Structures are given as structure tokens and as C-alpha cells.
Amino acid sequence: MSDPAKRPLSFPPWHIPYLEKHRIYELFHEIAREMVIQKPADHVTFMKHILQNAAKSRDVARVILLQSPKINCLEIANEIAGVTKQVVISDGTLMNCLKTNISMCSPKTVARCLAFLVRTEGTYDVGWIMVDCIKTAAVAKELLQLGILPTHVLHLIPSFYPDFKQLMYCNVLYEWPEYRRNVMALRDIFKDLIREIYLDKKNLREIARECVAQSKIRKNIKPIKPRVILIGPRGSGRKTQAKLLAKHLNIVHVDFEALICTIWMSETELGVKLRLCKNEACFHSELLSQIINKRVLEEDCLINGWVLTGFPYTEMDFKYLDTLDTPANRVIFLECDLNICRERIKYRKVNVETGSVTNLKHDPDAVDQKNFKTTSKRRK
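So in the numbering used here, spot 234 of the sequence shown is number 234, and the numbers just go up one at a time.
Note that these hints are calculated values from the structure, not bench results.
All values reported here derive from a predicted model rather than from experimental measurement.
Be aware that a few hints might be false.
What the hints assert, rightly or not - Once the Cα atoms are required to be at most 25 Å apart in a straight line, the calculated SDA-like pairs of lysine to any residue come out as: (1) K216 with I332; (2) K135 with N101; (3) K239 with C301; (4) K247 with K294; (5) K319 with R295; (6) K202 with I221; (7) K239 with M184; (8) K135 with F116; (9) K39 with L51; (10) K201 with N72; (11) K141 with M184; (12) K294 with E315; (13) K201 with G82; (14) K21 with L324; (15) K216 with V83; (16) K294 with N339; (17) K222 with I31; (18) K219 with Y25; (19) K70 with S103; (20) K278 with Q290; (21) K85 with K39; (22) K191 with I221; (23) K21 with K222; (24) K294 with M316; (25) K201 with R187; (26) K202 with H155; (27) K21 with S10; (28) K294 with P223; (29) K349 with L259; (30) K243 with T262; (31) K225 with K294; (32) K216 with N329; (33) K141 with Y179.
Construct the complete structure from the given sequences, taking the supplied hints into account.
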């Protein structure tokens with residue numbers, strides 16, 4: 001981001017969670033989309049009028065149910081609408097608007113009629129579900145050009161359907177080849193929004209519940225950086241999972257135990273305060289949260305995200321963690337049998353010279369090669 005003087009601009013770190021929580025990126029995207037589509041003469045006045053509507057429509061679901069032979073998609077859509085209060089736009093609604101059969105109209109005419117239906121005041125505010133309206137790729141492309149962008153495209157797939165990716169098939173309905181060509185073209189157009197709902201032996205209410213759950217999962221305009229806290233008993237594999245997450249997501253593993261040791265030995269202001277606390281350092285939640293806040297505000301954590309292990313210890317620690325400039329957006333609890341945890345840490349020894357950790361159960365000969373002691377947390 002830059003200004004006309006070409007100076008680099010950046011958001012203060014404490015703005016980041018606010019932007020994510022209130023979905024400001026999505027709000028501006030919605031406003032920009034409406035400005036491009038409606039092309040107002042006075043942009044400032046238009047933005048003043050549309051801001052409130054854009055804030056509402058940013059969070060509503062706009063769903064397309066892809067046509068599925070032998071499946072009553074309209075009944076499923078009505079069941080979904082009973083929960084979400086969305087407006088259902090079916091092929092019957094479209095035919096009433098067109099005053100003729102859909103197949104007799106051009107894709108552009110069908111798309112314009114759909115655009116008119118979704119932009120009516122009630123539909124725009126609560127969202128919509130399109131059922132059996134978009135049957136060809138041509139209609140879908142025309143609709144997108146008019147700025148009608150769905151948030152979700154749900155494809156209901158019963159168990160008796162052949163695999164869509166399989167080119168060779170037999171024992172299918174005579175209309176299957178044409179349907180497959182059309183639906184594969186639609187899936188390609190909406191590939192970033194498609195969600196597959198496998199019907200199996202689910203009843204109507206279960207299918208609708210799954211569709212509602214899928215429609216609540218929104219794809220963010222700007223990817224959110226992971227800020228994760230892993231919590232679990234000692235021996236549950238917190239650090240192991242954190243290292244795997246760090247490697248897989250390319251985020252920073254913040255090991256609180258190593259971090260507090262580094263700060264303790266430093267000559268910084270936080271290091272001095274920590275040493276003054278002596279053996280009661282772990283009871284100063286505010287000070288410990290300041291140490292974490294300083295670490296997660298460093299460039300690598302801001303750019304890539306982070307995963308924290310070894311903290312918090314208490315409820316008060318949790319409350320102070322929520323005051324960070326960039327607080328966690330995910331907290332993951334690791335459940336593990338305590339007997340398994342005990343077995344894992346029973347044979348865990350630390351080399352007092354290098355600080356390396358070795359599990360004697362996996363490497364029993366190491367005890368003769370290294371100077372081991374039990375970790376301080378396990379001393380009686």
C-alpha cells in the first residue's frame with residue numbers, strides 16, 4: 001500500500017485484529033464492487049448511501065445450488081431458508097419474471113432477470129439461494145459479468161452418481177453425459193467457491209443442516225495470518241505439533257520456555273524486571289504477557305504468523321493474552337490420556353551441558369554418553 005508520494009504505508013500492528021474481526025477488507029471489497037457495477041456520478045454521495053447496506057450485505061450468504069437430477073433441490077433450499085431466512089429464487093420464480101420458458105431466452109436475458117431478482121431490497125438484505133436457475137456455463141458467465149457474485153456454490157451429490165472425474169461410465173441415465181458436461185463447466189467457473197455435499201443416507205433436515213454449516217464458512221478476501229495457541233498437559237505433544245504446524249504453514253514457533261530463558265539472561269528492561277521477580281516470575285501474568293507481546297510484534301511473526309506453546313498457565317494469563325496487540329485467533333486444546341503423557345515424560349532427560357532432550361526409552365545407550373539430569377519441573 002502506498003500514497004501518491006510513493007511512500008510505503010503500513011497498518012499499525014494493533015489494527016490487524018480489528019480489521020479481521022470486523023471484516024473491514026470484505027466491507028471495502030463490497031463497496032468497490034458496487035461502485036464498479038453501478039457506476040455512480042457522485043462517488044462520495046454514493047459511498048455514504050451504500051456504506052450501511054454494504055456492511056449488511058457483506059455478511060449475508062449468497063448461495064447457488066447446482067442442479068442435480070433426481071434430487072429435489074427446491075425442497076432442500078426451502079428447508080435451508082427456514083433456518084437462514086434467505087430468499088429462495090427457483091426456476092419457477094425466474095419463469096414468472098421472464099414471462100416465458102427459460103430455454104427460450106438468451107443467457108444474457110436470463111442473467112439480467114436474475115440480477116434484477118437478487119437486487120430487490122428484501123433479497124439484497126437477507127441473502128438468497130438460487131435453485132435450478134443456472135444450468136449452463138454461458139448463464140453463469142453472464143451473471144458474473146453483471147457483478148452477481150455468490151459466496152458459496154453447493155453441489156449436492158447423491159451416492160448413486162458416478163464419479164464426475166471418471167470419463168468412462170455405464171448404467172447411467174440417458175441425460176447423464178449432457179448433465180456432466182454442464183455441471184463440470186459450472187464447477188470450473190465456480191472452482192474457488194464450490195462445496196460438495198454428499199447426501200448418502202441423510203434425511204432432509206440433516207442435509208439442510210450441513211448446507212447451513214457450509215454457508216457459514218466464509219472465504220476471506222485477504223488471508224488471515226495464523227496466530228495459534230496450543231494447550232495441553234505435559235507430554236501431550238504440544239511442541240511436536242507446533243513444529244509440524246510451523247513447518248507446514250511456514251509460521252514461527254514461539255516456545256515460551258526458551259523465550260523466557262532468553263529474556264532472563266538479557267540486559268533489556270523486561271529482563272531486569274523478570275530477574276527482580278526471582279522465583280515468583282510465573283505469578284506475574286502481566287509481565288509474562290509483555291514478553292510474549294514483544295516477541296509476536298517482531299517482523300517474522302507479523303509477516304508469517306505464529307504458534308505459541310508453554311503458555312498460558314492460569315486463567316489470569318489467558319485474560320492478559322487477550323490484551324496483546326495481535327492476540328491469538330485460534331486456541332487448540334490437545335486431549336491426551338494422562339497415562340500416555342506420564343509414560344512420555346518418564347524417560348525424558350535433559351543434557352545439562354547442551355540443553356538437548358533425549359528419550360531414554362528410544363535411546364537407552366545415551367545415558368552412558370551424556371550428562372543427564374531430570375528436568376526441574378519433574379523434581380520432587
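Okay, the hints, checked on the actual structure:
Between the alpha carbons of K216 and I332 the distance comes to roughly 20 Å, so the proposed pair stays at or under 25 Å and holds. Between the alpha carbons of K135 and N101 the distance comes to roughly 13 Å, so the proposed pair stays at or under 25 Å and holds. Among the hinted pairs, K239 with C301 is consistent with the structure: their alpha-carbon atoms are about 17 Å apart, no more than 25 Å. Straight-line distance between C-alpha atoms of K247 and K294 comes to about 23 Å, which keeps the hinted pair within the 25 Å bound.
A hinted pair counts as satisfied when its Cα atoms are at most 25 Å apart, and K319 with R295 qualifies at roughly 18 Å. Proposed proximity of K202 and I221 is contradicted: the alpha carbons are some 33 Å apart, above 25 Å. A threshold of 25 Å between alpha carbons decides the hint, and for K239 with M184 the separation of about 43 Å lies outside it, so the pair is violated. About 18 Å separates the Cα atoms of K135 and F116, which keeps this hinted pair within 25 Å; it holds.
Straight-line distance between C-alpha atoms of K39 and L51 comes to about 15 Å, which keeps the hinted pair within the 25 Å bound. Note on K201 and N72: the hinted pairing holds, with a Cα-Cα distance of about 15 Å set against a maximum of 25 Å. Restraint check for K141 and M184: satisfied, since their Cα atoms lie roughly 14 Å apart, inside the 25 Å limit. Proximity of K294 to E315 is assessed by CA-CA distance (about 21 Å); at most 25 Å being required, the pair is judged to hold.
Between K201 and G82 the alpha-carbon distance is near 22 Å, which keeps this suggested pair within the 25 Å criterion. A distance of roughly 15 Å separates the Cα atoms of K21 and L324; the hinted pair therefore holds under the 25 Å criterion. For the hint pairing K216 with V83, the CA-to-CA distance comes to about 12 Å; that is within 25 Å, so the pair holds. Simply put, K294 and N339 have alpha-carbon atoms about 36 Å apart, too far for the 25 Å limit, and the pair is violated.
For the hint linking K222 to I31, the alpha-carbon distance of about 16 Å falls within 25 Å, and the restraint holds. Taken as a hint, the K219 and Y25 pair is honoured in the structure, with Cα atoms around 12 Å apart against an allowance of 25 Å. Pair hint K70 plus S103 holds up; C-alpha atoms about 20 Å apart against a cutoff of 25 Å. Taking the CA atoms of K278 and Q290, the gap is near 17 Å; set against the 25 Å cutoff, the hint holds.
A hinted pair counts as satisfied when its Cα atoms are at most 25 Å apart, and K85 with K39 does not qualify at roughly 30 Å. With a C-alpha separation of about 16 Å, the suggested pairing of K191 with I221 holds against the 25 Å cut-off. Under the criterion of a C-alpha separation no larger than 25 Å, the hint pairing K21 with K222 is consistent with the structure, at around 12 Å. Proposed proximity of K294 and M316 is supported: the alpha carbons are some 19 Å apart, at most 25 Å.
Between K201 and R187, the direct Cα distance comes to roughly 24 Å. Compliance with the 25 Å bound is thereby established for this hinted pair. For the given pair, K202 sits about 15 Å from H155 by alpha-carbon distance, which is consistent with the 25 Å threshold. With a C-alpha separation of about 18 Å, the suggested pair K21 and S10 falls inside the 25 Å cut-off, and the hint holds. Taken as a hint, the K294 and P223 pair is honoured in the structure, with Cα atoms around 23 Å apart against an allowance of 25 Å.
The straight-line distance between the Cα atoms of K349 and L259 is roughly 20 Å, inside the 25 Å bound, and the hint therefore holds. Under the criterion of a C-alpha separation no larger than 25 Å, the hint pairing K243 with T262 is consistent with the structure, at around 19 Å. Of the supplied pair hints, the one linking K225 and K294 holds, its CA atoms being roughly 17 Å apart against a limit of 25 Å. The suggested pairing of K216 with N329 holds, with an alpha-carbon distance near 17 Å, which does not exceed 25 Å.
Between K141 and Y179, the direct Cα distance comes to roughly 18 Å. Compliance with the 25 Å bound is thereby established for this hinted pair.
Going through the hint list in order, the structure does not satisfy hints 6, 7, 16 and 21.
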